Amino acid sequence: MTQSIIIWLIWLPLAASPLIYLVGRISRRQWGYTSTARWVALAALAASWVPFVHAYRQFSAEGVLTYVYGSVALRLDGLSLLLAGVVLLLATLVTLYSNPYMAGEIGESKYYAMLAAISGVMIGLGCAADLFNLWLWFEAMAVTSYLLVAFYRDESAALEAGVKYLVQSAVGSVFVLMGVALVLAQTGTLDLAAVGTAVSTQFADSPLLLTAGALFVIGFGVKIAIVPMHTWLPDAHSQAPSGISAMLSGVVIEAGLVALLRSLSALAGVAAAWGELLIGFGVLNMVAGNLLALRQTQVKRLLAFSSLAHVGYMLLGLGVAIYAGNVAGAEGGFFHLISHGLMKGLAFLSAGALLYVLHTARGDHSPLTVSDLAGAAQRYPLVALVFSLALLGLGGLPPLVGFMSKWQIMAAGFATQNTVLYAIVAFAALNSVLSLAYYAPLVNMVYRRQPSTAVLAGQPVPFMMQIPLLLLAVGVVAIGFWPNLVNWLVQPAGAALLAAFGG
Amino acid sequence: MTAWLVICTIALTWLGAGAVWLVGDSRPRWQHSLAVTFALAAAVTAVLLIPQATDEAVITLSVGGMFGTFTFVPDGLSVFLTAVATVIGSLAIVFSVNYMHGEAQLGRYYALVLLFIGAMAGLALSGSLFLLFLFWEITALCSYALISFYNDDPKAVRGGVKALIITQLGGIGLLLGALITRTYLGDYQISTLLAQADTLPPNILSLLAFGFLIAAMAKSAQVPFHTWLPDAMEAPTPVSALIHAATMVNAGVYLLARFYPAFAGVAGWKTAVATVGMVTALLAALMAMVAFDLKRVLAYSTVSQLGYMVYAVGVGGVFASQLHLFSHAVFKALLFLGAGAVIHAVGTRDMRQMGGLRRQMPVTSVAFMIGAAALAGLPFFFNGFWSKELVLEMGLEGGPLWAYGGMVLGAGITAFYTFRMVWLVFWGEPRGAAHAHPAGTAMRVALIPLALGTLTTWLVVGPFGHWLADTLPYHHLHVKTTAEFLRDIALAPATYVAIAVVGLGLAAWWWRDHLTGLAKDLRGLAQFAANGFGFETVNRVVVNLTQRAASALQLTQTGDLNWNVVGIVGALLLVLLVLAG
Amino acid sequence: MNDMSILVAGVIGLLGAGLYGLLAVRNLFQVIIALQVLVKAAVLALVMAGYASGNLALGQSLGVTVIVADTVVAVIGLALAVQVKRHLGTLDIKALATLRR
Chain Y
1 MTQSIIIWLI WLPLAASPLI YLVGRISRRQ WGYTSTARWV ALAALAASWV
51 PFVHAYRQFS AEGVLTYVYG SVALRLDGLS LLLAGVVLLL ATLVTLYSNP
101 YMAGEIGESK YYAMLAAISG VMIGLGCAAD LFNLWLWFEA MAVTSYLLVA
151 FYRDESAALE AGVKYLVQSA VGSVFVLMGV ALVLAQTGTL DLAAVGTAVS
201 TQFADSPLLL TAGALFVIGF GVKIAIVPMH TWLPDAHSQA PSGISAMLSG
251 VVIEAGLVAL LRSLSALAGV AAAWGELLIG FGVLNMVAGN LLALRQTQVK
301 RLLAFSSLAH VGYMLLGLGV AIYAGNVAGA EGGFFHLISH GLMKGLAFLS
351 AGALLYVLHT ARGDHSPLTV SDLAGAAQRY PLVALVFSLA LLGLGGLPPL
401 VGFMSKWQIM AAGFATQNTV LYAIVAFAAL NSVLSLAYYA PLVNMVYRRQ
451 PSTAVLAGQP VPFMMQIPLL LLAVGVVAIG FWPNLVNWLV QPAGAALLAA
501 FGG
Chain D
504 MTAWLVICTI ALTWLGAGAV WLVGDSRPRW QHSLAVTFAL AAAVTAVLLI
554 PQATDEAVIT LSVGGMFGTF TFVPDGLSVF LTAVATVIGS LAIVFSVNYM
604 HGEAQLGRYY ALVLLFIGAM AGLALSGSLF LLFLFWEITA LCSYALISFY
654 NDDPKAVRGG VKALIITQLG GIGLLLGALI TRTYLGDYQI STLLAQADTL
704 PPNILSLLAF GFLIAAMAKS AQVPFHTWLP DAMEAPTPVS ALIHAATMVN
754 AGVYLLARFY PAFAGVAGWK TAVATVGMVT ALLAALMAMV AFDLKRVLAY
804 STVSQLGYMV YAVGVGGVFA SQLHLFSHAV FKALLFLGAG AVIHAVGTRD
854 MRQMGGLRRQ MPVTSVAFMI GAAALAGLPF FFNGFWSKEL VLEMGLEGGP
904 LWAYGGMVLG AGITAFYTFR MVWLVFWGEP RGAAHAHPAG TAMRVALIPL
954 ALGTLTTWLV VGPFGHWLAD TLPYHHLHVK TTAEFLRDIA LAPATYVAIA
1004 VVGLGLAAWW WRDHLTGLAK DLRGLAQFAA NGFGFETVNR VVVNLTQRAA
1054 SALQLTQTGD LNWNVVGIVG ALLLVLLVLA G
Chain A
1085 MNDMSILVAG VIGLLGAGLY GLLAVRNLFQ VIIALQVLVK AAVLALVMAG
1135 YASGNLALGQ SLGVTVIVAD TVVAVIGLAL AVQVKRHLGT LDIKALATLR
1185 R
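Residue numbers (my numbering), protein chains in the order written: chain Y, 1 to 503; chain D, 504 to 1084; chain A, 1085 to 1185.
Treat the hints as calculated values from the structure; they're not laboratory data. None of the values given here were measured: they were computed from a predicted structure. Watch out, some of these pointers could steer you wrong.
[Stated by the list, open to error] Stretch-level coverage of chain D by chain Y, calculated; a stretch enters the list once three of its residues show a Cβ under 8 Å from a Cβ in chain Y: (1) 603 to 616; (2) 657 to 671; (3) 1051 to 1060; (4) 1072 to 1082.
Even for Gly, the Cβ is constructed at its ideal location relative to N, Cα and C.
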């Protein structure tokens, strides 16, 4: 009877969104309380963990859950749970973090309302069971994130980033719709499972479906920042408020990836090399992302470019899984999704904490440059430590989580016993070394003894901002020591992917 | 019991690292004492492991998936390297109490050194290739962070990042090897690889063998990957002594020795290993001959001595390589710590500013000269002599003659540069303006056991060999008693050749004024050697090319909206073309 | 010429016009119009797909949903354009190319 847990999981944060906005505005206008929206948002996101735990229990006991309302179906499988878990984790921590970070900003209530909305929308995206619904959730996610990227609407750089993000995403979105139309025209249905069956029985050689697949790859690829559709990402991720940067890098691009996997899984029967395509884009993303990040001077922009490289690792693992039908690759890709969410979330949040105490809190909206970081460890030992852990983890050094997830992807590549993949894995390892050439100097900069002028004039880090940093850092280290800690999320997701691709 | 000793050895150092960090930089006295306590405790547990050595896994932890089973196997090679790392590590920490006195950011320093010691022990004790690689990378991380400990100095940062990148590049060889092992043999266990290597297809086995060789070359600073080690000398001197002389750089030799039984049959592998060792030993010795920075001379000499160990493995002398590793770890740690005391006292690393220090620093100079005698290979009381002779004897028996000739020449050059170094630092008239003060108590406490060790460790060659042979089922070491060893070495013709060449090397320094004609002829070579034989240029070209590629790619990020849409449409056309074709 | 090929021609025409606009126009307001043209191509394609698969009602309802959803995008886009005009004094997208490299 209670398959409706899916509804609770999605609607709790979604329904909280207008509530946060109204309560925030009213309490501010009527009683002069400015902080109501923050606490309501935190309460709503904390409460969302209850349906998540229930959904997880129920999923473990009964398998895939389905909820049908009229002609709309929602399906909760391992992949949905993985996305929901990462979304809720980051959203909760970001809400906590933003409490001091966004305090007193114009439109603070709107910020929290959007944060709750985007969380609900992403969870919904993970549960979408037909192609058009998938697009609808995807579009809702995009719309919400436009507003968050251009949150500082009096900053011309933020406006520029918002415009590019909007235009490029909208083009991608149209491509996806074109693909949906082609699938509908060819198969007469949009339900993911039904399309899958129709494809493998009737339309394996359809050029229309091949085109549809290409449109999905490009359309969702804009959001995933696949090279060469990545050009909006460094602008958007660096201009958004830092909590949003963490969300965008940590889950929004990954939600796009989930959408791509869902749509491609329906076309798995088409005689096309989806796996090889993803592997190819993975390699391209790694090398382009690392080279573009190599000479950046702004910290958040550097971190944004490094996301390209990490998406490359995920694409490699998932591509291997689709190409060779090996579950290890899928688990590796999803493990890296989690690990990147933790590490990049931590990196953006700690860089944001420094940005806040060095610039923003003093009313200065200039970006955080690498040289501003000099000597930060002297005044902010905790932030410096967790920032370094995040960076070294991203560079794939043990005993941090990034090492483990990269290892799993590489081992999965070898397990195929394919010589080309051996070479690709070696190339991926080479890229990991290359990435250290920009992560390591940042760590050195933070631990300088001579502080920069910005550090000398910096404010103290608010306590509320340190809590999420500490929690994420514990995750980065603990999973680095014991990778099995994430098996409960990663294994069902890997199984779901392989099942969807008929592996 | 054994399992607990293994756990304690690693865990004590890592707990110590956490404790020192948590105490905070406002209580330096606590930090010093905590670091010394934890390091000594780990050294004790490691030494207690010696009688427990076994070739069985004492800890087995099944992780599953792509991570396999975590095992720890404290066999002879492992326990030996662990004991070296922890004992010399604790001496380096004791030394640091004086050396790092009053420095800022002590917490970070001690935490990283302790983390390193634990990782090195873990590397040695790992029974699975996955764990081996994991600890291998942690040591690289610590090495990088400690080289660039003085972050404000751009040279230190460059040196640290360079060391990290070069050793990681080599590490890819080990990574691929571990993955190949799992793919073809089903798990990561080292024992599996040693037992079943001959069941692998020949091309896969040679990929594995040469992958490991590259990893070892990068870690042990063999030509052409040696360029990071001299630049690593920006680290605080106790770190140089510990990481870049006595322990981490030995990991490469350890790797080769560990897998020798599996790879000995691979076509060309032994010759390649011996050649790498010989070329490194010779070129690094030449570079040491012309350097003026005291720590750089020691760094080049480390590279050169590592070449001897690698060469020994290549000619089939696994035991000889380990014996020389043992001797070298002791006497080179002694030399580095002695050099640290000197540098601490005079405030410069340039030997041209030193001179006459034997009167101001009597203890340090005697200790240093004992280490120098071992490095030069002076007979008979120094451990370096016996192990080097054993290496050369193995070379004459099991390797090509030309390589042996190169090694003997290297021994002569070693004697030459050692004597030059000692002379410039301790003899002659004082040239520096600064007044030197004698070494502190903690420094002397660290130097004396190492000096005694240099004089005595050669006496345990027999028991050491038997102990190794008993716990290494795949290596088939031929070992004898101490007396037999010493007699065989003393009677071998190779020994007399070497002693004669060492004498020639000393004589060349003594009569250097009479050899001016020869010196002029060799000036071009010296210039070439001082420039690192062009390998630095190769490094620079690679870095430049990467940076140029990065800059060129950055031009594509125009920020122009129309151009960005071109990317999307172009990608669509490309994907359609690929899928249709 | 049957209905189907007219529809296909319409979709391709709108798509081409929209993409051409995005690649060529230099004014933010015109860019947003080009986006609208592009979206209309997708709406038409959905309706056509419904028609082709014998499920016209579905295609039409999808089309209407897309129009609604896209209106939100258009509103946000125009709001951004207003802000751009206010802060930069121009709608030329050349002025929106400061974030590069």
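Coverage of the stretch 1051 to 1060 of chain D by chain Y, judged on three or more residues with CB within 8 Å: holds (count 7)
Three-residue Cβ test at 8 Å for the coverage of the stretch 657 to 671 of chain D by chain Y: holds (count 6)
Annotated coverage of the stretch 1072 to 1082 of chain D by chain Y, confirmed only when three residues or more have a Cβ within 8 Å: holds (count 7)
Within 8 Å of chain Y (C-beta), three or more residues of the stretch 603 to 616 of chain D: Since three or more residues must qualify, the claim that chain Y covers the stretch 603 to 616 of chain D holds, with 3 doing so at under 8 Å.
Of the numbered hints stated above, none is contradicted by the structure.
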